[in-house]
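Peer 1: So the sequence shown is numbered by the numbering used here: it starts at 771 and just counts up by one.
Keep in mind the hints are simulated off the structure, nothing from the lab. Don't be surprised by glycine CBs; every beta carbon is placed ideally from N, CA and C. Each hint should be verified, as a subset may be incorrect.
As the list claims (entries may be wrong) - The following label-pair restraints were derived from C-beta to C-beta distances: (1) A781 / G801: 33 to 41 Å; (2) R798 / R838: 20 to 28 Å; (3) S831 / D794: 28 to 36 Å; (4) F839 / G784: 28 to 36 Å; (5) L774 / G801: 41 to 49 Å; (6) I813 / L773: 23 to 31 Å; (7) V817 / R838: 39 to 47 Å; (8) K796 / V816: 17 to 25 Å; (9) L799 / F839: 50 to 58 Å; (10) V830 / L799: 30 to 38 Å.
Unchecked claim - With a straight-line cut-off of 20 Å between C-alpha atoms, the simulated SDA-like cross-links for lysine to any residue are: (11) K796 / L777; (12) K796 / T809; (13) K796 / P807.
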Amino acid sequence: MDLLTTLIALAAAGLVFAFARRQDRKERLPGNVTLIPYTMIQIFAVVTCLVLLAHLVTLVSGVPFKGRFAG
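Sequences and hints are given; from them, build the entire structure.
Peer 2: If you want it as structure tokens, here you go:
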């Protein structure tokens, strides 16, 4: 994945998080249950952002991430 694609995906994940947060904070009438788990969507969006940020660091620095147990 190149730099532009990574930035677009990072922006999309940020927008998904912002939309889910806005929907989660919306005031609802007592007794109404939401059918979409916006909290879980926020968690997935944050994890996606963290992975894409790590990938962005490897793209900018030019050094691939090897991990803890790489030789």
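Peer 1: Each hint needs a verdict: does it hold in this structure or not?
Peer 2: Now for the hints, and whether the structure bears them out:
1. A781 / G801: 33 to 41 Å: holds, 37 Å
2. R798 / R838: 20 to 28 Å: violated, 44 Å
3. S831 / D794: 28 to 36 Å: holds, 35 Å
4. F839 / G784: 28 to 36 Å: The hint (28 to 36 Å, Cβ to Cβ) holds, given that F839 and G784 are roughly 31 Å apart.
5. L774 / G801: 41 to 49 Å: Given a distance of about 47 Å, which is inside 41 to 49 Å, the answer is holds.
6. I813 / L773: 23 to 31 Å: With a Cβ separation near 26 Å, I813 and L773 satisfy 23 to 31 Å, so the hint holds.
7. V817 / R838: 39 to 47 Å: violated, 19 Å
8. K796 / V816: 17 to 25 Å: Taking Cβ atoms as reference, K796 and V816 lie about 19 Å apart, which means the hint holds.
9. L799 / F839: 50 to 58 Å: holds, 52 Å
10. V830 / L799: 30 to 38 Å: violated, 47 Å
11. K796 / L777: violated, 29 Å
12. K796 / T809: holds, 13 Å
13. K796 / P807: Holds, because 13 Å separates the two Cα atoms, which is no more than 20 Å.
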